[in-house]
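Quick note, the sequences are listed as chains A and B, same order.
FYI, the numbering used here numbers position 127 of the first sequence as 154, with every residue one higher than the one before it.
FYI, the numbering used here numbers position 289 of the second sequence as 299, with every residue one higher than the one before it.
Hint data in this document are derived by calculation from the structure and do not stem from the laboratory.
Even for Gly, the Cβ is constructed at its ideal location relative to N, Cα and C.
Misleading hints may appear alongside valid ones.
Some chain A residues near chain B, calculated using beta-carbon distances under 8 Å [unchecked claim]:
{"#": "1", "residue": "Gln35"}
{"#": "2", "residue": "Ala57"}
{"#": "3", "residue": "Arg61"}
{"#": "4", "residue": "Asp62"}
{"#": "5", "residue": "Gly64"}
{"#": "6", "residue": "Glu66"}
{"#": "7", "residue": "Tyr69"}
{"#": "8", "residue": "Gly71"}
{"#": "9", "residue": "Glu77"}
{"#": "10", "residue": "Ile84"}
{"#": "11", "residue": "Glu86"}
Calculated pairs, SDA-like style, for lysine to any residue (alpha carbon to alpha carbon, straight line, at most 20 Å) [as the list claims (entries may be wrong)]:
{"#": "12", "chain 1": "A", "residue 1": "Lys141", "chain 2": "A", "residue 2": "Val101"}
{"#": "13", "chain 1": "A", "residue 1": "Lys36", "chain 2": "B", "residue 2": "Asp40"}
{"#": "14", "chain 1": "A", "residue 1": "Lys36", "chain 2": "B", "residue 2": "Gly101"}
{"#": "15", "chain 1": "B", "residue 1": "Lys48", "chain 2": "B", "residue 2": "Ala16"}
{"#": "16", "chain 1": "A", "residue 1": "Lys36", "chain 2": "B", "residue 2": "Arg35"}
{"#": "17", "chain 1": "B", "residue 1": "Lys231", "chain 2": "B", "residue 2": "Leu262"}
{"#": "18", "chain 1": "A", "residue 1": "Lys36", "chain 2": "B", "residue 2": "Arg31"}
{"#": "19", "chain 1": "B", "residue 1": "Lys231", "chain 2": "B", "residue 2": "Asn272"}
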Amino acid sequence: MESVLKEQKIRCMLGMLGTDVHNKGIRTLAQLLRDAGIEVIYLGEHNTVEGMVDAVIAEDPDVLGLSFSTASYVQYVERLCTCMRARGVADVPVMLGGIIHQEDHATLTGFGVKGIFGPGSGLPDILAFLQRASASRHVE
Amino acid sequence: MLSSEAWVEAITARNVRAAARFISRIEAGDPNVTPALKELYRRGGRSRIIGITGPPGAGKSTLTGQLTKHYREHGLSVAVLAVDPSSPHSGGAILGDRLRLANHSADPGVFIRSMASRGRLGGLARAVGDTIIVLDAMRWDVVLIETVGVGQSETDIMRHTSAVILLQTAMGGDEVQAAKAGIMEIGDIFVVNKADHPEADRAVRVLEEMISLTQMLCPEKMWRPPVVKTQSLSGDGIGDLVEKISERFRFLESHPDIARANRREQVAHRVAEILRDMADRRLRESPGSEVDSMIDDAITRGTDPITIAERIFSQ
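This is chain A alone, in the form it adopts within the complex (with noise of 0.2 Å):
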């Protein structure tokens, strides 16, 4: 019959930080993870760095994704990224879009980040890293 885990489904949960208001591309995916059968937590814009660990602990989702489309998204991720260590949920894994440049990625993956999907990256590429994470992350 059907499979017992037909009920792990994904949860991600999508946000920006800061004063970045470009939230077409964020809103976009949200539309099409949802319509992927993805459970998309959406924050919106405007959020703290604390906020958003705040909201990731209580969530508890399967992935983290920020969208930028600012040149300051190397000093938020790390703040991000120390923030969810500090406060253990960096197992969380994250990812990042929107105009994210080719000479930051190492500096980001060294932060944390485990996925960067910018301009050109299409959405199989992104449901498969979901499908990863969140199964890499269901075994414990």
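Starting from the structure of chain A, add chain B where the hints point.
Frame of chain A, contents of chain B only:
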């Protein structure tokens, strides 16, 4: 994986991280949560559990935000469980309630959890009942359960709480709609939101008439549901609503027989729900090939669906 004792200890000590992980396991249908849940239920019964339901766009999230703000200002801790609909096509969902509750995000006296309804009739996810047990055992002073009220299937919430706030917009529906949906039996408190709408007073009047009629037909109910006008964006009427909620709880305290009858019905319903889940699980865990061959047999009238069900149930 923690031991059941460790889960219970962490959750009753209001360890938010542990509670959040535990709720995820409930949602995933993990059978290992059961021993801890049994114990958590025994530790609960202190929180004031309030249901908030109504049609989409009525302003449930915003009202939940206003109530949260009000209770926080009065020193009470608040947990919110916000249930949003799953897409019937993909099974996915967009859970956006945190957006409207964002100004409480750094407050340790507030816990917000979003949940997708996962295609259950009645508008409530199957995980809601068990999640309420967790929140209750964490001893939040107030637990707000905000449920999706799609169509006319809002009734499930009254299986979980004896204080249901039913939201209506001023422009929503006429007398016939209200009567047809049978919503008069669900609400312990009615709220007409968007009170600045020209039709607001008419909506209040219609509700009052319906309530009078219901009271006449069921005089044993004793509680006459009040109608409150609110403006959830500005917060107008929230103080009034909070007062009516307190009145509802005072009424239940001063009418222990009614409160007890409500609770009996809720627990009985929960037992029935768990039984159904157990039957579902039994079916899922039955060897597929065996079930398939029995079904094939039934198609050619060699057996019948009743016998198949009996066999699976008694396995």
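Query raised in the report: With a cut-off of 8 Å, does the beta carbon of A/Arg61 approach a beta carbon of chain B closely enough for the hint to hold?
Result: Constraint on A/Arg61 satisfied, holds at 4 Å.
Query raised in the report: Regarding the hint that A/Glu86 lies at the interface with chain B, is the smallest CB-CB distance below 8 Å?
Result: 6 Å, holds
Query raised in the report: Straight-line Cα separation of A/Lys36 and B/Gly101 no greater than 20 Å?
Result: 9 Å, holds
Report task. For the pair we were handed, A/Lys36 and B/Arg31, check the Cα-Cα distance against 20 Å. Result -> 14 Å, holds
Query - Hinted pair A/Lys36 and B/Arg35, Cα distance within 20 Å - result: 11 Å, holds
Query raised in the report: Under the criterion that the straight-line Cα-Cα distance not exceed 20 Å, is the pair B/Lys231, B/Asn272 satisfied?
Result: Holds: B/Lys231 and B/Asn272 sit about 11 Å apart, inside 20 Å.
Query raised in the report: Straight-line Cα separation of B/Lys231 and B/Leu262 no greater than 20 Å?
Result: Satisfied, since the Cα-Cα distance of roughly 12 Å is no more than 20 Å.
Query raised in the report: Going by Cβ atoms only, is A/Gly71 closer than 8 Å to chain B?
Result: Holds. Min distance 5 Å.
Report task. Verify the proposed pairing of B/Lys48 with B/Ala16, using a straight-line Cα cut of 20 Å. Result -> Within the cut-off at roughly 14 Å; holds.
Query raised in the report: Against chain B, with CB atoms and a cut of 8 Å, does the hint on A/Tyr69 hold up?
Result: 5 Å, holds
Requested in this report: Would you settle whether the hint for A/Glu77 is holds or violated, based on the nearest Cβ-Cβ distance to chain B being less than 8 Å?
Outcome: OK, holds: A/Glu77 within 8 Å of chain B, min 6 Å.
Query - Restraint check for A/Lys36 with B/Asp40, where alpha carbons must lie at most 20 Å apart - result: 13 Å, holds
Violated hints: none; the structure is consistent with every hint.
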